[in-house]
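There are 4 protein chains.
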Amino acid sequence: MILHLHKTTTQAQAQQLAESIQAILIKQEQFVLVTSSRVKVVPEEAVAFTEKSFPTDTDIQLAGRGYINAVREVNLGNGVVIGGTTNHTALITGPCSVESETQIEAAAELCVELGVKIMRAGAFKPRTSPYTFQGLGVEGLKLLDKMRNKYGLAIITEVRDSTHVDDVIAYSDIIQIGAKSMYDHGILRKCGQTTKPVMLKRGFGTTLQEFVQSAEFILSGGNSNVILCERGIRTFETKTRFTLDLCGVAWLKQYTNLPVIVDPSHAIGYAYGVADLSRASVAMGVDGLLVETHPNPKVAKSDAEQQLNFEEFRNLHASLGKVAEAVGRKIV
Amino acid sequence: MILHLHKTTTQAQAQQLAESIQAILIKQEQFVLVTSSRVKVVPEEAVAFTEKSFPTDTDIQLAGRGYINAVREVNLGNGVVIGGTTNHTALITGPCSVESETQIEAAAELCVELGVKIMRAGAFKPRTSPYTFQGLGVEGLKLLDKMRNKYGLAIITEVRDSTHVDDVIAYSDIIQIGAKSMYDHGILRKCGQTTKPVMLKRGFGTTLQEFVQSAEFILSGGNSNVILCERGIRTFETKTRFTLDLCGVAWLKQYTNLPVIVDPSHAIGYAYGVADLSRASVAMGVDGLLVETHPNPKVAKSDAEQQLNFEEFRNLHASLGKVAEAVGRKIV
Amino acid sequence: MILHLHKTTTQAQAQQLAESIQAILIKQEQFVLVTSSRVKVVPEEAVAFTEKSFPTDTDIQLAGRGYINAVREVNLGNGVVIGGTTNHTALITGPCSVESETQIEAAAELCVELGVKIMRAGAFKPRTSPYTFQGLGVEGLKLLDKMRNKYGLAIITEVRDSTHVDDVIAYSDIIQIGAKSMYDHGILRKCGQTTKPVMLKRGFGTTLQEFVQSAEFILSGGNSNVILCERGIRTFETKTRFTLDLCGVAWLKQYTNLPVIVDPSHAIGYAYGVADLSRASVAMGVDGLLVETHPNPKVAKSDAEQQLNFEEFRNLHASLGKVAEAVGRKIV
Amino acid sequence: MILHLHKTTTQAQAQQLAESIQAILIKQEQFVLVTSSRVKVVPEEAVAFTEKSFPTDTDIQLAGRGYINAVREVNLGNGVVIGGTTNHTALITGPCSVESETQIEAAAELCVELGVKIMRAGAFKPRTSPYTFQGLGVEGLKLLDKMRNKYGLAIITEVRDSTHVDDVIAYSDIIQIGAKSMYDHGILRKCGQTTKPVMLKRGFGTTLQEFVQSAEFILSGGNSNVILCERGIRTFETKTRFTLDLCGVAWLKQYTNLPVIVDPSHAIGYAYGVADLSRASVAMGVDGLLVETHPNPKVAKSDAEQQLNFEEFRNLHASLGKVAEAVGRKIV
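Residue numbers (this note's numbering), protein chains in the order written: chain A, -15 to 316; chain B, -15 to 316; chain C, -15 to 316; chain D, -15 to 316.
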């Protein structure tokens, strides 16, 4: 249950009450307490302090439509706003990994050329084998920082584990929590303490319930700038790398108040289907679209098969505006 | 391996050769033999008769792009053509089950109102419990026949098992093989002997490879009018009934030569997401879209939660043309 | 809800009542009616006729522990009884397919050598490709019949689709409904009309709920000799062919009253793990174990990789008795 | 490819070579280098230094049977040795979470009573909701330490994320990496730098290939004391919490050289099936068995439904010895 306390409540009172009813305390315009969803009526000791209460069916609470029946707005700072009532579908592109300054600068120039405002690239790669390229680490973050300063792009990059979460928070405009780190309490708690936007990717073995509950860790930490990203789940089908769950996207749009981004590149794992799936995602009316591109995918150090080359991306880009328009949205 | 025999080959020669090399014999303009895909070179005894040969990697042979690098065209007879180079996306709608003449006539009238040319409804329902409505059987087929005659609609209806396959073939314009019957050899073989179009639904526990190999039973029986239908696969996610596999649709478009239809209603299982998923499917550039509608979904005898009411379908219908146009296609 | 009618009820009364309350009528010692599980109280018109009633949570009714809180006993006729209070674990072995008289006779002799009373082999194979061996059909059934007569073995063989269900019923001692045919109403209904034991395999994409509801089609048809078989489900893991669901077996033992057999051969799909999984299954306390064997697996026309050769099976057989004894059971 | 260098190779030479061929360097009796598995022949510059080389098919290298064709032995220090040629099946029991000194001491006493040498309990719980019990943290570790000292038990406890990995390493005898943290590079790398035994649980959405590759991070870090734990994977079946993958266990035994432990409690998620699945696991010949127990499961702060009460565990324990003996193993 979510409790909005009267604005006259002091911090000491709010804290004492939080402990007394085992609730998490969030400071917003007013103090907000969140208890377990098993609490269905306002606890006696909280009645006097409570302005408004929101009982919830499950521990999807702050992210639920029963609490806020609209899509939250996330402002990226560089003029890009997503979610809310903007009807924006924000494009994000760039390579899987930062590999070199030349490579990442080529990616940045492509963004500028096409008016894409958000560039992605990983510096800490959550590879499944220790014997492959693991990313450039902090050096990679610095290259991304350079591109931001030079080209005015917002940067989204992934935090792999909590040993370097502070670095990623410092160097990024949007912190990406990857599919394999979706349950990482160390990362989630740190992201709850910042106000930087966080894009939380769904774990590929994760139910929608668990996915959104993971977002609750960040929201209940005090950071309301959370974006969800569907990137494919693991199923019995192996012709494609994962299975993009657009039924799940429909569910997220219906039952949560968070903006939703789709990543078709990781879902299918092969470049041939990325354009079709991108258009499908835009036609769903999502808040953002993340497509991997590389100046020369064949030599990419990771995800070589799924990244579009620049020509393919230009062609895709040219088609997205019409699809967005057909569903009353705008590509930004 | 597929072998096209010289047109001078006699039936007796073709049959003898088929037995000798353990191949399936198909009569088309010329005789066609299909052996196991493990055969990689033209067998010695076949060399003299063979005009052209198509070695294949797997037992996706007649349906594969290595054999025909285009989408096959299926002509429904009532003026509707799908696949081929038509750029058509054919709409199919109607209730889950034929329940009564009043109900099915209302559905037919909705089709006429909106220009939808193909109506669906089931008479033999593959229910998972013996204690629920099992469909009207042949009586249902007759009601569908009446609607075809009265309204000029093409009828698609499902065959549940091979005990009534002849009836369904007789009364339908498109024979639907449902997800639970996808492996039914009795049905597949009968459908191979007709020339009526067959829409084969993917089993929800079925890989793409098995799905298309199932189509090979029909194609190798001599019926080339096969349409594939993606209708959701079973995954760990249970917030939605199934998971629509649009990555799989991208794969089918890339690697097979059969038209592809998407059924978002059965995939998500809830009406709220059907419109978004329909637009996504159309934006993928599929050859058809199947949406369940019911004059009053709340009282439907099956699939009550996923059928759109007529007002919802009219709204959806109004939006599909623009999406189709955005990707260079036309709703028919 | 299941209703046991008073023994004085006439057939005419029972039939009229069945129609009136939309129930299925079964003739046992007394008339039994089964309505939808949504019926929670005895319908008014049935009160006077009802001796005992069993409300149920779901459409697992006749197979549920709420109806019969014990394991049903199935008598195979040749002296083998499974289920009930026998504490028997019945062994079933034989090749995937009948390939020739020599091959099936070798299998039969192995059974006799080791005291195995039930032999399996398929004559109608539900292959996923039309370009592979499809089974010997009725000729295969006749070879199995010959082995039964010569060696006194009970024969279990698979019905693939309803076109040949009568043949399989006629020639087998246990009718096997395979994983791909588990939803086939044509087969299920015919099997409900016989009293021959039926072994129903779980579809590999099928939930436990659907699996047991499929058994309800047979039980409600009047045949109480139903045995369930777990044979592996389809998951994301592809190192093994399927994933043997022993958690599911624990659930079936807890919540249903039907004997349970495990088939580890199809589950793992590779011979190396069959012995370990067989011992695990026996240690679970199951009612039967089905292991594929072949005189020469390398040349088998189907399932070559998973069949044990005779030496491997002899070694496995030698170890099973001790495991069974450790859990208070006996291999028969 | 794994390279064993000549014992005369100096550290400087080994390091230079490692950089030159992009290999990971491990110090054992001799220097060991591991390159990507794509390297199939000994690189030219390494030939002079290489005593023995082991090409591998995939990045399962140090854990593979092609490298060591036996099960590695892990010595827990308190007299318990598992794996190797011991034929031991080590029991591990205890509650899901440390909740209080009284509770954990009761668990310790149960271990002593039954001769169980390894106690488990979590202090950092990877809960899926922020609004539930998150574990006692370091305070919990200290209580476990107290039990070790008082009762001579080996302690296994879970590290949730890399913020507290040093604490868990310090206080435990076996470090447990949980299913949700299986990909956590921060944890894996720290565990590679210690010599304490590590039990790595399979992620529930993780393939066997990825699972064992995760162990490669620890092994290639220099810690050879790695134990694998199968604890159920996520499938479409929801009657049970997860699906215990004993086919996977058979694969791990066949293709890896690491000891394997099975955790049936988390797999099924309900107490009723734990005993049967435990006996099945022991009959598979696994190296260890982990069963959750709680003095009073009904009031447990986590996993209430799956923990056995002490009486249930005593009964289970009494039966395991016989099953182990039947397969030539011994419970320790």
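Take the hints with a grain of salt, since some may be wrong.
If chains are identical, the list can't say which one is meant, so a pair holds when it fits in one copy or spans any two.
[To be verified] Calculated cross-link-like contacts (lysine-lysine; reagent style DSS-like; alpha-carbon spacing at most 25 Å):
hint, residue 1, residue 2
1, Lys314, Lys(-9)
2, Lys180, Lys306
3, Lys24, Lys223
4, Lys101, Lys(-9)
5, Lys282, Lys180
6, Lys24, Lys101
7, Lys134, Lys36
8, Lys(-9), Lys24
9, Lys223, Lys(-9)
Just so you know, these hints were derived from the structure itself, not from any lab.
Hints violated by the structure (numbers, ascending): Hints 1, 2, 4, 5, 6, 7 and 9 not satisfied by this model.
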